[in-house]
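Novice: This is what each chain is made of:
There are 2 protein chains.
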Amino acid sequence: MTSPSSADQMADPSTPRVPADHPAIDDFFALLAYAEVAAFYRLTDEARMAPNLRGRISMASMAAAEMGHYEVLRDALERRGVDVVSAMSKFVPALENYHRLTTPSTWLEALVKTYVGDALASALYLQIAGGLPEEIADVVRAALAETGHSQFVVAEVRAAITASGKQRSRLALWSRRLFGETITQAQYLLADHDQLVDLVVFGAGGLGQLTTFFNRLQEAHDQRMRDLGLS
Amino acid sequence: MTSPSSADQMADPSTPRVPADHPAIDDFFALLAYAEVAAFYRLTDEARMAPNLRGRISMASMAAAEMGHYEVLRDALERRGVDVVSAMSKFVPALENYHRLTTPSTWLEALVKTYVGDALASALYLQIAGGLPEEIADVVRAALAETGHSQFVVAEVRAAITASGKQRSRLALWSRRLFGETITQAQYLLADHDQLVDLVVFGAGGLGQLTTFFNRLQEAHDQRMRDLGLS
Numbered sequence: 000m001t002s003p004s005s006a007d008q009m010a011d012p013s014t015p016r017v018p019a020d021h022p023a024i025d026d027f028f029a030l031l032a033y034a035e036v037a038a039f040y041r042l043t044d045e046a047r048m049a050p051n052l053r054g055r056i057s058m059a060s061m062a063a064a065e066m067g068h069y070e071v072l073r074d075a076l077e078r079r080g081v082d083v084v085s086a087m088s089k090f091v092p093a094l095e096n097y098h099r100l101t102t103p104s105t106w107l108e109a110l111v112k113t114y115v116g117d118a119l120a121s122a123l124y125l126q127i128a129g130g131l132p133e134e135i136a137d138v139v140r141a142a143l144a145e146t147g148h149s150q151f152v153v154a155e156v157r158a159a160i161t162a163s164g165k166q167r168s169r170l171a172l173w174s175r176r177l178f179g180e181t182i183t184q185a186q187y188l189l190a191d192h193d194q195l196v197d198l199v200v201f202g203a204g205g206l207g208q209l210t211t212f213f214n215r216l217q218e219a220h221d222q223r224m225r226d227l228g229l230s
Numbered sequence: 000m001t002s003p004s005s006a007d008q009m010a011d012p013s014t015p016r017v018p019a020d021h022p023a024i025d026d027f028f029a030l031l032a033y034a035e036v037a038a039f040y041r042l043t044d045e046a047r048m049a050p051n052l053r054g055r056i057s058m059a060s061m062a063a064a065e066m067g068h069y070e071v072l073r074d075a076l077e078r079r080g081v082d083v084v085s086a087m088s089k090f091v092p093a094l095e096n097y098h099r100l101t102t103p104s105t106w107l108e109a110l111v112k113t114y115v116g117d118a119l120a121s122a123l124y125l126q127i128a129g130g131l132p133e134e135i136a137d138v139v140r141a142a143l144a145e146t147g148h149s150q151f152v153v154a155e156v157r158a159a160i161t162a163s164g165k166q167r168s169r170l171a172l173w174s175r176r177l178f179g180e181t182i183t184q185a186q187y188l189l190a191d192h193d194q195l196v197d198l199v200v201f202g203a204g205g206l207g208q209l210t211t212f213f214n215r216l217q218e219a220h221d222q223r224m225r226d227l228g229l230s
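Keeping their order, the protein sequence lines are chains P and S.
The first sequence begins at 0 in numbering that gives the first Met the number 0 and counts up one residue at a time.
The second sequence begins at 0 in numbering that gives the first Met the number 0 and counts up one residue at a time.
Heads up, a few of these hints could be off.
The calculated lysine to any residue pairs, modelled on SDA-like cross-linking and capped at a C-alpha distance of 25 Å, are [to be verified]:
#, chain 1, residue 1, chain 2, residue 2
1, S, K89, S, T105
2, S, K89, S, G67
3, P, K89, S, R47
4, S, K89, P, A49
5, P, K89, P, K165
6, S, K165, S, G67
7, P, K89, S, N51
8, P, K165, P, E155
9, S, K89, P, M48
10, P, K89, P, R53
11, S, K89, P, F151
12, S, K89, P, L188
13, S, K89, P, R55
14, P, K89, P, Y187
15, P, K89, S, M48
16, S, K89, S, D226
17, P, K89, S, R55
18, S, K165, S, R47
19, S, K89, P, K89
20, P, K89, P, H21
21, P, K89, S, D44
22, P, K89, P, R79
23, S, K89, P, P103
24, P, K89, S, L52
25, P, K89, P, T161
26, P, K89, P, F178
27, P, K89, P, D221
28, S, K89, P, L52
29, P, K165, P, R79
30, S, K89, P, N51
31, P, K89, S, G67
32, S, K89, P, R47
33, S, K89, S, F178
34, S, K89, S, G54
35, S, K165, S, M224
36, P, K89, S, R53
37, S, K89, P, G54
38, P, K89, S, F151
39, P, K89, S, A49
40, S, K89, S, D193
Hint data in this document are derived by calculation from the structure and do not stem from the laboratory.
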């Protein structure tokens, strides 16, 4: 997932913060925890499309790192007296649905999804973390720490689109679809779990700032597109 | 995988040891490295049979730990100037074949395979490590360190066989089949890679001790069967 720097730039000591015992924080941790588990299984599934052993191993390493992040969240929930598995259950359908709607059909699509999808998810979660107490935001940042394997994604996608303009157009389209689907599914998720809306509104700096909130997701996405040579 | 204690009891300062620059050590590390990758993918596949989210997550955590062990071996090979992916390739068919021949058909069979299969593999590798220089044996022990998740396997299998005598007989039979297949496949592997035979002979304390070598595998297996209530 992306580096925590984008959250730091949003940290503002004057921003009102959600109290540390707000029950929605348990939900937010549980949502993130299941996002890691779902990412683990998706990456492992998609590794089947890898053209060689090196690609399969890179995907396996990324997947293993997601479970490390899951454990950070599980431990944080345990300290709050919450059982992670029970707390995650209600978020299973939304996240499985998101992945079902964005199943890659090629190895390159899988790589782009890893890079673009994770950046979007991180931008979303880190903006929310911006409205949470520092000790809570720290857990979120630890759970979203860079897995350190994304350089291989950038190298492989860039090589493919340099070799083929058609591939470039296909992947640019795929990337836009991922963005649209992420925003749509995030909105559904909020509509179904209104306790989370509080956190988003705090993170955005109030209801009036929601446009800024979504603009920042767009910016995170555009940056990743540029990294991949797809903008 | 099993704890390193069983290797310690075999360490004997009078045993002749393979020199640290023996080329078969690269092969041995590469074999172990691919064993970890293969275990990662197998555990993730088998997690599909889990009856619930808790089981799927336990399997994912075990799989992630295998990738941590893989990284220990990859780093050790890098320090020896060897590219792990190239070095592993020749062991892919043997390990995939072993897993193909021992594919579990139920969740309980998958759990038993995890517990019994890993113990056998560890006993095998740690006996070989017993004939290697200390710094090499240390890498092997680090790569085989207990993943710390096996208690859930013992609890789940014991509950199932207490509830059903038929299940107990089935799983005891399955466990014996795993043992037989492991020995057979280990022998094929040695026949195809005779540079590894040197290491086994050193680890066993000479050709005349090979019976002891296989007896110790049997002992490791029997211990796991007792742990599971299957003996």
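Novice: Next step is simple, just say for each hint if it's right about the structure.
Specialist: Now the hints, each set against the structure:
In summary, the hint linking S:K89 to S:T105 is not supported, as the alpha carbons are separated by about 30 Å, beyond the 25 Å threshold. A C-alpha spacing of about 22 Å is found between S:K89 and S:G67, which places the hinted pair at or below 25 Å, so the restraint holds. About 19 Å separates the Cα atoms of P:K89 and S:R47, which keeps this hinted pair within 25 Å; it holds. Our distance criterion of 25 Å between C-alpha atoms is met by S:K89 and P:A49, whose separation comes to about 18 Å.
Note on P:K89 and P:K165: the hinted pairing is violated, with a Cα-Cα distance of about 41 Å set against a maximum of 25 Å. Between S:K165 and S:G67 the alpha-carbon distance is near 37 Å, which puts this suggested pair outside the 25 Å criterion. Using a Cα cut-off of 25 Å, the hinted pair P:K89 and S:N51 holds, with the two alpha carbons roughly 14 Å apart. With a C-alpha separation of about 16 Å, the suggested pair P:K165 and P:E155 falls inside the 25 Å cut-off, and the hint holds.
Under the criterion of a C-alpha separation no larger than 25 Å, the hint pairing S:K89 with P:M48 is consistent with the structure, at around 21 Å. Between P:K89 and P:R53, the direct Cα distance comes to roughly 36 Å. Violation of the 25 Å bound is thereby established for this hinted pair. A hinted pair counts as satisfied when its Cα atoms are at most 25 Å apart, and S:K89 with P:F151 qualifies at roughly 24 Å. Restraint check: the Cα-Cα separation between S:K89 and P:L188 comes to about 47 Å, which exceeds 25 Å; the hinted pair is violated.
With a CA separation close to 16 Å, the supplied pair S:K89 and P:R55 stays within the 25 Å bound. Note on P:K89 and P:Y187: the hinted pairing holds, with a Cα-Cα distance of about 14 Å set against a maximum of 25 Å. Between P:K89 and S:M48 the CA atoms are separated by roughly 21 Å; this keeps the pair inside 25 Å, and the hint holds. Taking the CA atoms of S:K89 and S:D226, the gap is about 35 Å. The hint is violated against a cut of 25 Å.
Distance check on the hinted pair: P:K89 and S:R55 sit about 16 Å apart at the alpha-carbon level, within 25 Å; holds. Simply put, S:K165 and S:R47 have alpha-carbon atoms about 24 Å apart, close enough for the 25 Å limit, and the pair holds. Taken as a hint, the S:K89 and P:K89 pair is broken in the structure, with Cα atoms around 45 Å apart against an allowance of 25 Å. Note on P:K89 and P:H21: the hinted pairing holds, with a Cα-Cα distance of about 18 Å set against a maximum of 25 Å.
Of the pairs offered as hints, the one joining P:K89 and S:D44 holds, with about 24 Å between alpha carbons and a cut-off of 25 Å not exceeded. With a C-alpha separation of about 18 Å, the suggested pairing of P:K89 with P:R79 holds against the 25 Å cut-off. Simply put, S:K89 and P:P103 have alpha-carbon atoms about 30 Å apart, too far for the 25 Å limit, and the pair is violated. For the given pair, P:K89 sits about 12 Å from S:L52 by alpha-carbon distance, which is consistent with the 25 Å threshold.
The straight-line distance between the Cα atoms of P:K89 and P:T161 is roughly 43 Å, outside the 25 Å bound, and the hint therefore fails. A hinted pair counts as satisfied when its Cα atoms are at most 25 Å apart, and P:K89 with P:F178 qualifies at roughly 24 Å. Between P:K89 and P:D221, the direct Cα distance comes to roughly 31 Å. Violation of the 25 Å bound is thereby established for this hinted pair. Taken as a hint, the S:K89 and P:L52 pair is honoured in the structure, with Cα atoms around 12 Å apart against an allowance of 25 Å.
At roughly 51 Å between alpha-carbon atoms, P:K165 and P:R79 are farther apart than 25 Å, so this suggested pair is violated. As the CA atoms of S:K89 and P:N51 are separated by approximately 14 Å, the hinted pair is consistent with the 25 Å bound. At most 25 Å may separate the alpha-carbon atoms for a hinted pair to count; P:K89 and S:G67 exceed this at roughly 30 Å. Proximity of S:K89 to P:R47 is assessed by CA-CA distance (about 19 Å); at most 25 Å being required, the pair is judged to hold.
For the proposed pair S:K89 and S:F178, the alpha carbon gap of about 24 Å is at most 25 Å, so the pair holds. A C-alpha spacing of about 33 Å is found between S:K89 and S:G54, which places the hinted pair above 25 Å, so the restraint is violated. Distance restraint check for S:K165 and S:M224: the Cα-Cα separation of roughly 16 Å lies within the 25 Å cut-off, and the hinted pair is therefore satisfied. Of the pairs offered as hints, the one joining P:K89 and S:R53 holds, with about 14 Å between alpha carbons and a cut-off of 25 Å not exceeded.
Between the alpha carbons of S:K89 and P:G54 the distance comes to roughly 17 Å, so the proposed pair stays at or under 25 Å and holds. Our distance criterion of 25 Å between C-alpha atoms is met by P:K89 and S:F151, whose separation comes to about 24 Å. With a C-alpha separation of about 18 Å, the suggested pair P:K89 and S:A49 falls inside the 25 Å cut-off, and the hint holds. Simply put, S:K89 and S:D193 have alpha-carbon atoms about 13 Å apart, close enough for the 25 Å limit, and the pair holds.
Of the hints listed earlier, those the structure fails to meet are numbers 1, 5, 6, 10, 12, 16, 19, 23, 25, 27, 29, 31 and 34, in rising order.
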